[in-house]
Amino acid sequence: MYVRRTLIASAIAMAFAMPAQADNSDDIAAVRKEIEAMRQNYEARIQALEARLKQAEGQAGQATAKADVAEPAAAPPAAANSFNPEIGLILTGHYANLKDVPNRHITGFLPLSPAAVGMNRGFSVDASELSLAADIDPNFRGQANLVYEDGTGATVEEAYFQTLRLGNGFTLKGGRFRSAIGYMNEQHPHAWDFVDNPLMYQVLFGEGYGQDGVQLKWLAPTDLLVEITGELGRGANFPGSDRNQNGAGDATLGLHLGGDVGLSNSWRGGIAYLRTRAEDRAFFGLDPAGTGLTGDFTGRSRTWLADFTWKWAPNGNPRETNFKFQTEWFQRSESGSLACTPCITGPYASEQSGWYAQGIYQFMPMWRLGYRYDRLDRGTARLNGADLGGTIASLADYSPSKHSLMLDWSPSEFSLVRLQYARDKSMAGLDENQIALQYVYSLGAHGAHKY
Amino acid sequence: MTIWVRLFLIALAALPTWAQADVTVFACEPEWGALTQELGGDKAKIFTATSALQDPHRIQARPSLIAKMRQADLVVCTGAELEIGWLPVLLRESGNNRVQPGGPGYFEAARRVNLLERPSRLDRAGGDIHPAGNPHIQGDPRNLLPVADGLAQALSQIDASNTGYYQARLTDFKLRWHGALQKWSQRAARLRGVAVVMQHRDPYLPAWLGVHAVAELEPLPGVEPSAAHLATVLDRLKQTPAKMILRPAYFSPRPSEWLAERAGIPVVELPFSVGGSPAAKDLFGLYDDTLDRMLEAGK
Numbered sequence: 025m026y027v028r029r030t031l032i033a034s035a036i037a038m039a040f041a042m043p044a045q046a047d048n049s050d051d052i053a054a055v056r057k058e059i060e061a062m063r064q065n066y067e068a069r070i071q072a073l074e075a076r077l078k079q080a081e082g083q084a085g086q087a088t089a090k091a092d093v094a095e096p097a098a099a100p101p102a103a104a105n106s107f108n109p110e111i112g113l114i115l116t117g118h119y120a121n122l123k124d125v126p127n128r129h130i131t132g133f134l135p136l137s138p139a140a141v142g143m144n145r146g147f148s149v150d151a152s153e154l155s156l157a158a159d160i161d162p163n164f165r166g167q168a169n170l171v172y173e174d175g176t177g178a179t180v181e182e183a184y185f186q187t188l189r190l191g192n193g194f195t196l197k198g199g200r201f202r203s204a205i206g207y208m209n210e211q212h213p214h215a216w217d218f219v220d221n222p223l224m225y226q227v228l229f230g231e232g233y234g235q236d237g238v239q240l241k242w243l244a245p246t247d248l249l250v251e252i253t254g255e256l257g258r259g260a261n262f263p264g265s266d267r268n269q270n271g272a273g274d275a276t277l278g279l280h281l282g283g284d285v286g287l288s289n290s291w292r293g294g295i296a297y298l299r300t301r302a303e304d305r306a307f308f309g310l311d312p313a314g315t316g317l318t319g320d321f322t323g324r325s326r327t328w329l330a331d332f333t334w335k336w337a338p339n340g341n342p343r344e345t346n347f348k349f350q351t352e353w354f355q356r357s358e359s360g361s362l363a364c365t366p367c368i369t370g371p372y373a374s375e376q377s378g379w380y381a382q383g384i385y386q387f388m389p390m391w392r393l394g395y396r397y398d399r400l401d402r403g404t405a406r407l408n409g410a411d412l413g414g415t416i417a418s419l420a421d422y423s424p425s426k427h428s429l430m431l432d433w434s435p436s437e438f439s440l441v442r443l444q445y446a447r448d449k450s451m452a453g454l455d456e457n458q459i460a461l462q463y464v465y466s467l468g469a470h471g472a473h474k475y
Numbered sequence: 020m021t022i023w024v025r026l027f028l029i030a031l032a033a034l035p036t037w038a039q040a041d042v043t044v045f046a047c048e049p050e051w052g053a054l055t056q057e058l059g060g061d062k063a064k065i066f067t068a069t070s071a072l073q074d075p076h077r078i079q080a081r082p083s084l085i086a087k088m089r090q091a092d093l094v095v096c097t098g099a100e101l102e103i104g105w106l107p108v109l110l111r112e113s114g115n116n117r118v119q120p121g122g123p124g125y126f127e128a129a130r131r132v133n134l135l136e137r138p139s140r141l142d143r144a145g146g147d148i149h150p151a152g153n154p155h156i157q158g159d160p161r162n163l164l165p166v167a168d169g170l171a172q173a174l175s176q177i178d179a180s181n182t183g184y185y186q187a188r189l190t191d192f193k194l195r196w197h198g199a200l201q202k203w204s205q206r207a208a209r210l211r212g213v214a215v216v217m218q219h220r221d222p223y224l225p226a227w228l229g230v231h232a233v234a235e236l237e238p239l240p241g242v243e244p245s246a247a248h249l250a251t252v253l254d255r256l257k258q259t260p261a262k263m264i265l266r267p268a269y270f271s272p273r274p275s276e277w278l279a280e281r282a283g284i285p286v287v288e289l290p291f292s293v294g295g296s297p298a299a300k301d302l303f304g305l306y307d308d309t310l311d312r313m314l315e316a317g318k
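Here the protein sequences come in this chain order: A and B.
Using our numbering, read the first sequence as starting at 25 and increasing by one per residue.
Using our numbering, read the second sequence as starting at 20 and increasing by one per residue.
In isolation and in its complexed conformation, chain B is listed as follows (with noise of 0.2 Å):
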């Protein structure tokens, strides 16, 4: 009897152990992928659903998807209407009631930063614009603060027995980025004011580093480059010469080559998320990386 007793209470004093389950999590964007990383560590296990060599904007609702969505914890995505063609769709096709919009088991980055080219005008002549303001807020690194805040929040609410764990590793964390940013600020100097030349709208690198943007390839946002608008973009860079021409890595390199070659300017590839170069194995290997090109182009 006494055993049993003995066995049953250890059992007992085990139990909170088995039910510190992971929280499965699922991510839209590699950096939000890595940042979930950073915070939750082990108690964490993330699937990352898009690459940096895919367009967030356009990814198709494939069956892979939603089979994953169906068994998050947490879904940790940019919002502002960034992956509205397609994360809808795994929403409601999951069948999954602890991440629907709403609860505490949905985040959204953008909703923890300032957005910035919020437009004053809604109207689809303009392009793909995303009323909220443009969502490409990784483009600066010092957003990832408040959205690391944020994202420690929702995972000590979802799993309210680690709280102090991610807390230590979100201390920890805005610890190193703090050191980091003040490097990458002492790096980035040298690239203050220089004018560059965007494959596609984002506000947020330059405001980070202070280059000047004085041209977009895209005609409007999310609109393809035309040869008519580069040879506009072309002339422009005749008046007002820019040091480089910057494309993110899931962009078709063809327009921007055709223009570095008649402008005479290198194309910067930028990894744009995690993973998007080979140095962009994480979350500070990516700026990093994106300084380390913009500054070999703009020697």
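Just chain A, same shape as in the assembly (with noise of 0.2 Å):
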């Protein structure tokens, strides 16, 4: 400080000695003599308030005795697993009351690829979620999520790393890992609200959309919440598939927007584009007779998502009561060719369209009740100009919709039980009451959830 205020002094001599030469030389002096005098000044008021607090000190030692006010605390002793990186594992599962329907999908909708299956009937154990995560060095993170399901065995959902150190707003992931699409396309099962995911998401992606590749996220250095997120991937997971190709197989641009209104409400919204590619991604259906059918699609695909939440607690207090309003929408339109055993393969052209919305709300602590309505449009389809529901039955121009509601408790944030029960009219033909039972336990290290 004192050298900032010597150069500060030269500089300003230096500005008006150089051309005027030593006719003022008088001025500098004094100016020089008044930042010593400061200086000095400053200097003794340190030192006079040192003395007084020294003093003071010494009749706060008896007063205050030496008890708390010590020492930070000793380092806790080293030892070989003290880097272990923290562990989680989620147990979850859930007993389900449904009909027996053969072949239940969603109809209007090609079905994923593998084909999707809804909830077990009776008692099962769903994805057990194990997750492995922790600061690599200054600059890395990384993170692990092992899926272990009965089928497929053990399956890495997620093994990314992230920056913690680009600075400016950026951070670079990279891996495998969630696409920021959406607003619950990032969030693992046992983070939802319901026992199952909105149909929007069935039909979209399964459980959410996975990427093998990048991801650079930007944040403005605004007091609103300004959050533009590009991806660039692999692009193997329906909507597209494997392709084999160097490149980027995929994309995804998403912008968000949040910020507080009041003490008491805050919210985010946003829209997100995905872009991507298919071939011979293959299909299920069923012909206008019932039986079962197999085809395959190549073309382009491409999905406009659109969320918004709107979360409210008291004075920013959710631990009594609490509110969340959320909402989700999306289009997708594809375009290529169709090919199926029994039909004539040709050119294939869809937009589809769907959303849902919901409201949770914690009415006392521990307790939850929500509600959500999902409802998807078939919009078009049409193979070699016709409509498609004319060859693929299951693929008929129909509405699904489904009304869910649900209540949990949850005693501590490692553990919920939830009770649900839904209306479900996702397949033509079907209107169906299912009641599912359902608990979400996690062991371990729990990281922080979004928002």
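Source of the hints: derived by calculation from the structure; they are not laboratory data.
Nothing here was measured: the structure is a model prediction, and the numbers come from that model.
We treat Cβ as the ideally placed atom computed from N, Cα and C, and that holds for glycine.
Every clue listed holds true.
Computed list of lysine-lysine pairs in BS3-like fashion (alpha-carbon distance at most 25 Å, straight line):
| hint | chain 1 | residue 1 | chain 2 | residue 2 |
| --- | --- | --- | --- | --- |
| 1 | B | 87 | B | 64 |
| 2 | B | 318 | B | 262 |
| 3 | B | 300 | B | 62 |
| 4 | B | 262 | B | 202 |
| 5 | A | 197 | B | 87 |
| 6 | A | 474 | B | 87 |
| 7 | B | 318 | B | 257 |
| 8 | A | 78 | B | 202 |
| 9 | A | 197 | A | 474 |
Computed footprint of chain A on chain B; a stretch qualifies when at least three of its residues, placed anywhere within it, have a C-beta under 8 Å from a C-beta of chain A:
| hint | segment |
| --- | --- |
| 10 | 69-77 |
| 11 | 81-91 |
| 12 | 97-106 |
| 13 | 191-198 |
| 14 | 240-252 |
Using the supplied hints, reconstruct the complex from the two chains, each of which is provided in its own coordinate frame.
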């Protein structure tokens, strides 16, 4: 500080001294004198204060005893496993009371390959999720989520690195990760508010859209949250397919905004776009007689997503009561060619959309009540210029919908039990009452959840 | 020509003054926001992420907080895992390299004091326990002295050009704080040995005032008071009566009022942090008001 003052002083002195030679050297001396006086005055004040503080500390020594105003806690003894990553395990399972519906599907939408199966009937354990995460070094953090499930065994759901010190609002992520499009897409099943995910996600991506690739995110230096995300990836997952190629198989772009309204309300909303291609993407359908058929789609797939979330908590304190409203919408257009065994291969084009809206109310600590409405619009789906429903009955023009009501009890942030009732009309001709009871337990380290 | 040289040198001289930008501080809790204000004065631009009416264990990682974290030069938090449910998300989402843990822009108050109640057995069956010890260190105002030392150091490290300014303010603050501690200590003499019931486990306030916590409303730390547990507490109060029930402002008043009515003792709503009551306007007001309220109830 003193060094800088002197610098300023000498620079000022130089500025005036240079052209005018020595004719105002008195002024310089005066300025120097003044600065020196200021410095001494300042130091004297600090010294006086410090002396008084010493005196006070001496007296207070008796008054406050030595008890708790102590030196920093001693460092814990080092052990070889001190650097072990945070390990967490999610245990989840459910009991479901469902009709036995052969070839259950969501009417009007090309199903995922491999076909997504609905909830199991009766008792079953759902995917157990093992997560490992740690800061790798000052610059990177790593995380892996391994999912153990019947049928598929162990799968790598996520395995990525993330930069910590790129700075200027940038974060780079690479590896396998859930895409940042939409709101629920990054959420793992244990963080869902209902036993199953919305019909919209079921037809779009199954559980969620995963990427093998890179993601760059930039946050604007503003009080309003402005977040721009772009991703390039392999694009191997539905609605794309693995194409054994160099370069990027898919690309996403997203914009999110968010902020507070007063003390008690906050929101986040955004739009995202996903562009990918599919090659021989297999599907299973039903012909008008109800017998099975297989086919595949080759072409491009484009999806728009919009999401909006509003949270309310009195005075920003969600501990007693809080409310969350959340809605998402999508529109997907696919064009290319469709082939199936009993039908003629030909040009295919579809434009489909859907949405859901839900409200979750914590009416007292530990207890939440929620309602969700799902709606899909098959829109247009044409093969060789004619409506596809004539050839493939499971893709007929129909508007799937579903009402879900849930009540959950969460005695701590590590445990949750949920009861759900749903009225499901997602398949033409089906009007089913579904009941499910679910548990979600979290062992060990459990990373903080996003908004 | 000469006029340009002159102007250039004047501009050069003024340069360090422009570079003397304020330190933007993200304070997790109001007590640290207030302490930074005491030390940083008008050189610190402070954003306080939570209020005394919010439970610092359970804050939603709201978009507005991420946006503020993005702009911070210094993060001042309690640490000891108090903010584990939300702070790591803000830090990672912010894309801000200045405030990452391990660097000079990240300050944890709990590292500066001796934490009490370090659990000997780490098991979540014991409720919401913190491996490093109980994080509610602001319950004892004496803890603010070492924290202030550390914080002034952190400010000086980030904004070295104002080191003298921060040191002077630190000395001045400590002087006033010692005076206040002495005054509080005299006023609190009457509370020494008084039995109290606490809503949430906090060993620091009893250590400061010499009050004696005979029971907690939470059956285990962080677990909501149940009717069965409240009944046990009521029974225990029949054997060992207490003078008052202490409840931080952010908790629901219902369980403490239920017990107060049956045990015939008053509930004292403690500000818990700066802004937790109308009188707790700054750090001095916080402890003044805490004492006022407890002395009033202990009459």
